[in-house]
Structures are given as structure tokens and as C-alpha cells.
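Q: These protein sequence lines map, in sequence, to chains E and F.
Under my numbering, the first residue of the first sequence carries the number 1, and numbering increases by one thereafter.
Under my numbering, the first residue of the second sequence carries the number 1001, and numbering increases by one thereafter.
Just so you know, these hints were derived from the structure itself, not from any lab.
This one's a predicted model, so the numbers in the text were calculated from it and none came from an experiment.
Careful, some of the hints might be misleading.
Unchecked claim - Which residues of chain E face chain F? A partial, calculated answer using Cβ under 10 angstroms:
(1) Ala4
(2) Pro7
(3) Gln26
(4) Glu75
(5) Glu78
(6) Val82
(7) Ser212
(8) Ala273
(9) Val285
Claimed, not checked - Label-pair ranges, simulated between beta-carbon atoms:
(10) F:Gly1284 to E:Asp44: 49 to 57 angstroms
(11) E:Gly64 to F:Gly1284: 40 to 48 angstroms
(12) F:Asp1188 to E:Arg315: 24 to 32 angstroms
(13) E:His238 to F:Asp1188: 38 to 46 angstroms
(14) F:Gly1284 to E:Ser22: 48 to 56 angstroms
(15) E:Arg315 to F:Leu1042: 25 to 33 angstroms
Ideal placement from N, C-alpha and C gives every residue a C-beta, glycine not left out.
Protein chains: 2
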Amino acid sequence: MAEAHPPLDVPSRSIPVPSHLSPQAQAVLGTIRLPRTERPPLDDHEAWRRSAREGDETTLELIGPRAAAVPCRVEQREVAGVPAFVVDPDGIAPDDRRVFLDIHGGGLTSGGGDGCRAMAVLATLRNGVRTWSPDYRMPPDHPYPAALDDCVAVYRDLLERHRPGEITVGGVSAGGNLAAALVLRARDEGLPLPAAVVLGTPELDLTESGDSFHTNLGVDNILVGSLMPANLLYAAGHDLAHPYLSPLFGDFSRGFPPTILTAGTRDLFLSNAVRMHRALRAAGVEAELHLIEGAPHGGFFGAPEDLEVELEVRRFIDRHWD
Amino acid sequence: MAEAHPPLDVPSRSIPVPSHLSPQAQAVLGTIRLPRTERPPLDDHEAWRRSAREGDETTLELIGPRAAAVPCRVEQREVAGVPAFVVDPDGIAPDDRRVFLDIHGGGLTSGGGDGCRAMAVLATLRNGVRTWSPDYRMPPDHPYPAALDDCVAVYRDLLERHRPGEITVGGVSAGGNLAAALVLRARDEGLPLPAAVVLGTPELDLTESGDSFHTNLGVDNILVGSLMPANLLYAAGHDLAHPYLSPLFGDFSRGFPPTILTAGTRDLFLSNAVRMHRALRAAGVEAELHLIEGAPHGGFFGAPEDLEVELEVRRFIDRHWD
């Protein structure tokens, strides 16, 4: 056991907007000032549902217009009993069998429905291939393991139609949690693994033990506080540190696909990405880390800085189709 | 031009020592509390010399014992008029022609002599190959471009004895500045480039424009303030933003070797590493970024977290010998 050390006292500061960033990125850092919202008590399910609806409205305001402009065809279908969106980019070749399985974000409590659809459309734009996106069940009505069950069910269905090398899996934020957890569970259940994994500013540690949960608290202007209430609602009494809830704590020496990780330097989840990168590399897994200078959680809403890293993701995926 | 945005006000905080780190890393974060030292006025050369001597004593206290335990043979010789250390690891094969050209750190104002020797010995231990390390001239007596001239002279000498593929170049902190600048200048002078470059928590931007110069101010407990006085002393009136002084602003589309970058998430130089990674990748250069969770500038003085990343560096170098 290490002895307990005193914390580091950091005085109050005024942190300027870096002038070397793009005007769009500067505007994100300079204008968004979110209040620390109180999360509902765990047993007030109606309040959680209301909070999810409000979150969804904000998400759609932010990404809806960009998604609406993407030339693609969206189909809503049921896959293995799970509602899902299947998005084909316009002009896709009829014999193109590549599929990106996109797990939507939203703090494990929101982001379904139209938000799921919009995120799937944007994933299609980024990756240039067909996207499948499960509109998975969520708390308060369906806590863990419902969401993960749904994601695994859709992955199983994909495996019946595709070779594993034709499938990549990814997600942003809470979607990164479920994407990594689905791969760990698929592996434990003896399923073949996808060609590559994409984890964007991923919520890989529901215990929030990483350093950036403190160093970037108040510095990240998008994630302005702990997500622990949502994590507890999701876990519903299950161990937050179990690898299916916090994939960071998985055993990657037993196999994990090539993985690309992204985050921002102001990101509350910076440590999640950095620690997962190290954990994968320590297990000998091919893994890349790409950070966006100055970015809060989720990046700069499509600024050039984001696009550079999205291009890295696409290059990474394209290198691993098999 | 982007409009000016207001800064972000971050209240004072107590940042705990992450309990998931090794005991040695926790001790670094929990016990080192350096005062913000006043740098001397630029024209008080005697005070700068005294400050460099004090810095050297601290460096030797910190790394001297580790360096003394490394089984190796150190030779002091003059290379192209520059005093240099040549370090052979014990047991090196007589026909092993690989050389790591190590540029020492020390804020561009200190780290010469016994410090240079100790850093070269530790580089030999990390990389497992012969190390050459120029004991380059420094301000106040020899400002820019003396140090860079010395590094380039030694590189030119190496090129007369070795194929470029047998040479890798690297440095930590200010050594990362000079290592990258030497490669840019070698390229501009039409010299062949080394097989790979290693930039450890590199001081690539003497203008200090990166976001982490603010976000990690007071969070990094090793670099506790701006290095601008030393940068100005070094530049001696030259443009701080010139790529030979701030290699971050170089044009990498005209060629740069494969490069591995490291830093800590609490590092004042985090943005230097992140931005250089992006700049190299944007120019199509092979580049990897590896971060140490929770680490201040320079890492954890040999904790397991450091060794993991040092192993990445060695793997990277070993992949590129040619």
C-alpha cells in the first residue's frame, strides 16, 4: 500500500482561449458556459426520464442540422429484437460489405431515438461506410445489462451476415463504454472480434478514478461535473469496476482488436483515453492515441481540429478492414 | 481573425493524488512542492550562471545515483570542436553501429557537464545502444545559435562515420527542442535525416502558446512557472517563433523522420507534444504520441509508469534502424 499523500492545492485561475485554435474552436471554448446541473435522486425515475428528454433536445439542436445535411439513406429496422438504424452513404457500391457498428453516446441515460439516428448519420459521414446503430434500452426503465445485451445481440446478428473483418465497432463517450464492453463480452463468449475498434473520448471508467476527473474539472466546459449519479443509475447495484461496466479494467492480454482512441486535452475523460491506450499497449494490442489540443469532451462540434482527428480514425479503420 | 473571447474562470481546487498510480509515482505527486522561483534579470549574467549551477546540482541529486548504477563505459572526446560524451553500454557487440544522438535537457540554460554525462548514460540504458551527447554551449555566454550549431556540427560528424539509418536523434525537454531544431536545420542544409526522432516532453514552443501552459500551470509540480525568461536569454533577440527556436512551427511537409512523442497529462508541455503530433501527422509524417497518466514534466523519476513509455520509445527506435 502506498501511504496517503496530501492533495495539490491549485489556486483559482483565468484560462485564456488559445489564439492558435480555429475561430470555431475558440468560439466553443469562449462562449459555452454550462451550469453545474443537479442530477435527480436515483429513485426519481420520472425526473431522470425528463432529464434524458432535455438532454436529447440539446443534442439534436447541436448535431441535428449537421446530420440532416449528410447525403445518405436511413432505414429503421429491428435487429435481433433491438430497434436499430441502418445508414447507407449515398453512392455506396452495391458490393461494399463494410459495416461500422456505432454505439451512440448520451451518458448511458439518453441519446436514443432521433439522437441515435443523427449520431449514426454523422458516423456514416466520418467513416464513409454503412453504419448500424442499435437504439439500445436505457435506465431508469432498463438498467445494466440491458444496453450491453442489446449491443451484443446486434453484433451477433451482424456476425451472421458478415465476416468479422468486415465489421468495425465504435462509439463516442458512453458509446465508447458500450463499444469496448461489447468487445470484451463478445470475446468472453467466444465470438470472433471485429477488425478494429474506435473509442472517441470514451467513458471507460464508471468509477471515475482517472486524474483528469479532477485536473480538468471546471476546465472542460462541456462535461462540467461528475457523471456518477448516471453511472449508479445505469449500474443498478452492479459493481462499477466490473470490466463490462468499466472496460478500462478489462484483461486485454486475452485479445482485443486494434484500437484508436481520441480525446481533448481539456477533456474530463482525457485520463480514460490515456489509460486505455497504455493498458492496451501493455497487453501488446495495436493502439493509437490522438488528442485534440484544447478540446473539451466531444471536441469542437466539427471544427477543423476535429476533422483532422476524424481523418486519422478513418485512415485507421481503412487500414484494418480485412 | 477570430473575435476575442473571455477567459474561463476556474475556481481553486484540491487535486488528489490518483490512488491507481504506483507508490513511487504517488510520492512524486504528493511530496514535491517547489516554490515559484524568480528568474534573474536578463542582463545579470552572473546570476544566470549561479542559477544554472544550482539547477545542475539538483539534476545530479535526482538522476546521478541512477546513472552511476548503469553498466557502461563513458568516453569524453571532442567532436567537430564540440566537447561530447560517448557512452557504450556494457556488452555491446563490436560490430553494432547504431548510435543514439542524445541532446540533453536543462531549460536551454543548464544541464551541461556532469548532468549531460548522466543524461547520456540514462539514454544509453533506455535505448540499449551507443549514445553520443554534445555538451553544447549555452547562454548567457553563448546564446542562440551556439547550442544548435554545436548539435548540428556533431550530427554532421556522425554522418561522416555512419549511414543515416544507423542514427536516431532525441532529447528530453529543452533537448527535445534542440533535437527537433537540428533535424529541421539538417534538412534545410540538405543533409540526410536520421532513422527516427524521440521527443520526450519537448520544449518545442518557446513562445509558450499552447493551452497546457495555462491549464497545467500549478498542476504540474515540477515545472511550476513559465520558462520565458530563459527562452529570451537563449534567443538573444532572435524571433522566438522561428522554427529553429520553436520547431513546432516548422514545415514538416518538406520531410521529417518518424517521430515518437511523450509527455504527462499534468505536464506544462502537454500541448507541445500534442500539437507536434498533430502537425507531423497533418504533414503525413509517421508519428506516435504516448502519455503518462498524471505525470508532471519529465515523468515520475523512473517509476513503472515511466518505464512502460520508455519501452515504447525503444520499440519505436528498434523498428526504424535501417
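Q: Each hint needs a verdict: does it hold in this structure or not?
A: We went through each hint and held it up to the structure:
Look at Ala4 of chain E: its Cβ gets to within about 8 angstroms of chain F, closer than 10 angstroms, so that hint holds up. For Pro7 of chain E, the interface hint holds, the least distance from its beta-carbon to any beta-carbon of chain F being 4 angstroms, beneath 10 angstroms. The interface hint given for Gln26 of chain E is met, as the beta carbon of that residue sits about 5 angstroms from the closest beta carbon of chain F, less than 10 angstroms. Checking Glu75 of chain E against chain F: minimum C-beta separation of about 35 angstroms lies over 10 angstroms; hint violated.
Because the closest C-beta pair between Glu78 of chain E and chain F is about 41 angstroms apart, greater than 10 angstroms, the hint is violated. For Val82 of chain E, the shortest C-beta to C-beta distance to chain F is roughly 35 angstroms, which exceeds 10 angstroms, and the interface hint is violated. Interface hint status for Ser212 of chain E: upheld, as the beta-carbon distance to the closest one in chain F is roughly 6 angstroms, under 10 angstroms. For Ala273 of chain E, the shortest C-beta to C-beta distance to chain F is roughly 9 angstroms, which falls under 10 angstroms, so the interface hint holds.
Hint status for Val285 of chain E: violated, given a least beta-carbon distance of 13 angstroms to chain F, over 10 angstroms. At about 53 angstroms, the beta-carbon gap between Gly1284 of chain F and Asp44 of chain E stays in the expected band of 49 to 57 angstroms. As the Cβ distance of Gly64 of chain E to Gly1284 of chain F is approximately 34 angstroms, the hint placing it in 40 to 48 angstroms is violated. Our hint of 24 to 32 angstroms for Asp1188 of chain F and Arg315 of chain E holds, since their Cβ atoms are close to 29 angstroms apart.
Between His238 of chain E and Asp1188 of chain F the beta carbons are some 59 angstroms apart, a value that contradicts the proposed interval 38 to 46 angstroms. Range check, Gly1284 of chain F to Ser22 of chain E: about 20 angstroms between beta-carbon atoms, so the 48 to 56 angstroms window is missed. Separation of Arg315 of chain E from Leu1042 of chain F is about 46 angstroms and departs from the stated range, judged on CB atoms against 25 to 33 angstroms.
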